[in-house]
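I would like the entire structure built from these sequences, with the hints used as guidance.
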Amino acid sequence: MSAGTTTPTRTPSGAATAAASRPAPAADGRLPLRSHLRHIGALARRNALQIKADPESMFDAVLMPVIFVLLFVFVFGGAMFGQGNQDQYVNYLVPGLMAMMGMNIAMAVGTGVNDDFKKGVMDRFRSMPIARSSVLVAKIVVEIGRMLVATTILLVMGFVMGLTLHGSVLQLLAAVGLSMVFGASLMWIFILLGLTMKTAQAVQGVAMLVLMPLQFGSSIFAPTTSMPGWLQSFTDVNPLSNLADAARHLINDEGAVAQPVLITLAWAVGITAVTAPLAVRKFRNKT
Amino acid sequence: MVGMTRNDKNPQRGAHAVEVRGLVKHFGETKALDGVDLDVREGTVLGVLGPNGAGKTTLVRCLSTLLVPDAGTATVAGYDVVRQPRQLRRTIGLTGQYASVDEKLSGWENLYMIGRLLDLSRKEARARADEMLERFSLTEAAKRPAGGYSGGMRRRLDLAASMIGRPAVLYLDEPTTGLDPRTRNEVWDEVQRMVAEGATVLLTTQYMEEAEQLADELTVIDRGKVIAKGKVDELKARVGGRTMRIRPVDPGDLPAMARALAETGLDGVAGTQAVPDEGTLLVPILSDEQLTAVVGLLAARGYAIADLGTYLPSLDEVFLAITGHRPTRGEDRGSAGRPGPDAHTGNNEQTDQNEEVAA
Ligand SMILES: Nc1ncnc2c1ncn2[C@@H]1O[C@H](COP(=O)(O)OP(=O)(O)OP(=O)(O)O)[C@@H](O)[C@H]1O
Ligand SMILES: [Mg+2]
Chain A
1 MSAGTTTPTR
11 TPSGAATAAA
21 SRPAPAADGR
31 LPLRSHLRHI
41 GALARRNALQ
51 IKADPESMFD
61 AVLMPVIFVL
71 LFVFVFGGAM
81 FGQGNQDQYV
91 NYLVPGLMAM
101 MGMNIAMAVG
111 TGVNDDFKKG
121 VMDRFRSMPI
131 ARSSVLVAKI
141 VVEIGRMLVA
151 TTILLVMGFV
161 MGLTLHGSVL
171 QLLAAVGLSM
181 VFGASLMWIF
191 ILLGLTMKTA
201 QAVQGVAMLV
211 LMPLQFGSSI
221 FAPTTSMPGW
231 LQSFTDVNPL
241 SNLADAARHL
251 INDEGAVAQP
261 VLITLAWAVG
271 ITAVTAPLAV
281 RKFRNKT
Chain B
1 MVGMTRNDKN
11 PQRGAHAVEV
21 RGLVKHFGET
31 KALDGVDLDV
41 REGTVLGVLG
51 PNGAGKTTLV
61 RCLSTLLVPD
71 AGTATVAGYD
81 VVRQPRQLRR
91 TIGLTGQYAS
101 VDEKLSGWEN
111 LYMIGRLLDL
121 SRKEARARAD
131 EMLERFSLTE
141 AAKRPAGGYS
151 GGMRRRLDLA
161 ASMIGRPAVL
171 YLDEPTTGLD
181 PRTRNEVWDE
191 VQRMVAEGAT
201 VLLTTQYMEE
211 AEQLADELTV
221 IDRGKVIAKG
231 KVDELKARVG
241 GRTMRIRPVD
251 PGDLPAMARA
261 LAETGLDGVA
271 GTQAVPDEGT
281 LLVPILSDEQ
291 LTAVVGLLAA
301 RGYAIADLGT
311 YLPSLDEVFL
321 AITGHRPTRG
331 EDRGSAGRPG
341 PDAHTGNNEQ
351 TDQNEEVAA
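Chains as they are written, first to last, in full-length UniProt numbering: chain A, 1 to 287; chain B, 1 to 359.
Derived lysine to aspartate or glutamate pairs resembling DMTMM-like cross-links, with alpha carbons at most 20 Å apart: (1) Lys-52/A <-> Glu-103/B; (2) Lys-198/A <-> Asp-123/A; (3) Lys-225/B <-> Glu-317/B; (4) Lys-286/A <-> Asp-115/A; (5) Lys-119/A <-> Glu-103/B; (6) Lys-229/B <-> Glu-317/B; (7) Lys-143/B <-> Glu-124/B; (8) Lys-286/A <-> Asp-116/A; (9) Lys-118/A <-> Glu-103/B; (10) Lys-286/A <-> Asp-70/B; (11) Lys-286/A <-> Asp-123/A; (12) Lys-231/B <-> Asp-216/B; (13) Lys-231/B <-> Glu-317/B; (14) Lys-282/A <-> Asp-70/B; (15) Lys-225/B <-> Asp-39/B; (16) Lys-143/B <-> Asp-54/A; (17) Lys-225/B <-> Asp-37/B; (18) Lys-225/B <-> Glu-19/B.
I should point out that these hints are in silico values taken from the structure, not numbers from a laboratory.
Have a look at this one:
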């Protein structure tokens with residue numbers, strides 16, 4: 001009855017034939033770049049299919065920009081630029097909201113990762129011959145896609161509300177690109193959080209705690225000139241202020257661009273350099 | 001092991017595909033693995049038999065690089081689980097105890113993804129996904145999200161996923177727990193097919209019958225320790241093999257039936273036991289011929305039989321025979337909250353594993 005006795009003729013060499021057509025890994029098991037890209041592609045496809053299976057998960061990316069533009073333009077617009085001059089505020093607000101959009105979507109990555117990484121399929125990924133970072137990178141690739149959708153809707157909404165583009169299209173694209181780069185770096189923070197905290201709710205709680213002061217202690221919604229000095233020194237280094245200013249100056253073709261851009265990039269690089277390796281290590285050692 | 005290299009380059013007859021020496025893994029105070037030694041010869045199936053909390057899953061997770069052992073060594077296809085995890089992962093396939101498929105993706109998308117992660121070309125991955133769905137009778141459900149699959153379908157999808165890359169070493173952690181008999185047989189067929197194609201299999205189970213069906217050798221573990229190992233037949237000889245349970249229409253016939261059997265001098269009938277409380281007669285079965293002879297004799301003597309079947313010793317009985325005590329299941333060493341194994345366990349008699357014998 002036992003299976004082994006019926007077919008003793010073949011050795012495991014037969015079992016490995018499927019591997020013949022695959023790119024050979026180096027002797028230490030490291031994979032060629034082509035393989036990494038293929039893995040990231042396959043995993044990004046998984047994340048995209050998950051969104052397709054659950055379209056409601058796009059609600060935040062679609063609705064948030066619409067609601068925020070309407071809300072802030074009508075609530076603050078009149079107060080700041082006088083009744084009837086809300087469209088001036090649109091040009092101030094929309095670039096700022098680009099910074100905020102990245103922050104909010106990145107936060108959702110944290111809760112998503114926390115849920116996702118409790119699932120059995122992660123065990124499969126972790127027992128397969130792929131770089132464990134591929135799973136995280138794929139997630140970020142798809143989330144950047146979501147950010148692009150949100151930013152596009154934000155801009156369309158902005159134009160509907162009277163946004164005028166004073167800079168060139170290239171400057172607009174640069175602003176979008178910068179907010180993507182910064183948003184991607186934020187995602188690593190939230191992935192790390194998502195891998196560290198026990199529940200998605202806890203992740204959400206901590207994320208809000210970080211998010212609120214960063215968002216409101218910034219130049220996103222209103223110029224910082226009316227703030228007290230101590231707060232101004234905080235907003236000056238706050239990456240969200242710098243990103244908002246950079247986007248604003250690019251889109252409105254006014255003021256200094258180089259400094260806020262450089263500060264934002266420095267933050268993005270710094271955050272990624274610190275949190276990405278930590279997140280990958282955390283994922284690798286997760287049991 | 002001397003001179004062992006990757007087995008697809010240097011097949012060595014009788015070499016060990018899996019070698020575990022003194023493996024230890026603690027979770028806080030719990031010693032999930034407490035110095036486990038075992039070997040799996042290439043191209044064979046090792047059954048790891050143990051009750052809840054014995055450490056079976058922990059063992060499989062250590063051997064799949066999902067857990068790092070605290071002490072001891074383990075090599076798979078010659079690769080060390082701690083020092084060469086990357087190479088090791090290329091040679092293994094894992095079906096964990098709890099389904100590890102993506103619930104939001106369809107069955108086909110799940111398999112296609114695994115194929116791509118194993119570096120198959122798009123075309124190969126597509127073909128392989130179709131092929132595996134067909135083999136595990138999932139073609140009809142191919143396009144539906146796996147989250148809507150029944151437990152058995154999910155398990156099959158999981159098995160298909162772990163077999164896509166034709167791994168040289170396959171781990172199956174309780175592959176048929178909770179499956180209906182038909183699905184269970186399907187799974188067994190596929191495992192046997194993998195072995196026929198040259199794979200080495202390490203299979204954990206709580207069922208003696210599964211071990212007998214699939215395994216060449218058995219290792220019995222309890223509380224993280226190996227308490228018995230050997231060929232399936234050897235172990236069966238120790239714990240007793242199949243038993244036939246006969247229930248006559250009239251319980252009053254029991255003594256006469258036992259006498260009649262004893263007089264024949266057939267093999268094994270000396271061990272016949274009458275259990276008046278249950279109104280049954282238990283006859284050790286050594287061969288199909290003897291079984292036929294026993295049934296034939298009772299029929300010829302005109303005893304009216306109400307029910308009759310054969311069964312294998314349950315895990316409890318195996319334990320009793322080996323250790324003199326039943327497995328310490330009630331203690332539940334901290335595994336509360338996890339989905340438990342199904343209704344099979346705990347009964348001495350596992351009705352759905354009985355082979356009905358036509359009288
Ligand atoms: N991640 C963990 N953290 C803490 N304790 C654990 C963990 N994993 C397993 N254990 C404990 O280690 C012991 C062995 O567990 P394991 O899951 O390996 O048993 P098993 O033989 O697979 O049991 P079952 O038949 O129920 O699947 C149990 O006492 C369990 O509670
Ligand atoms: Mg288990």
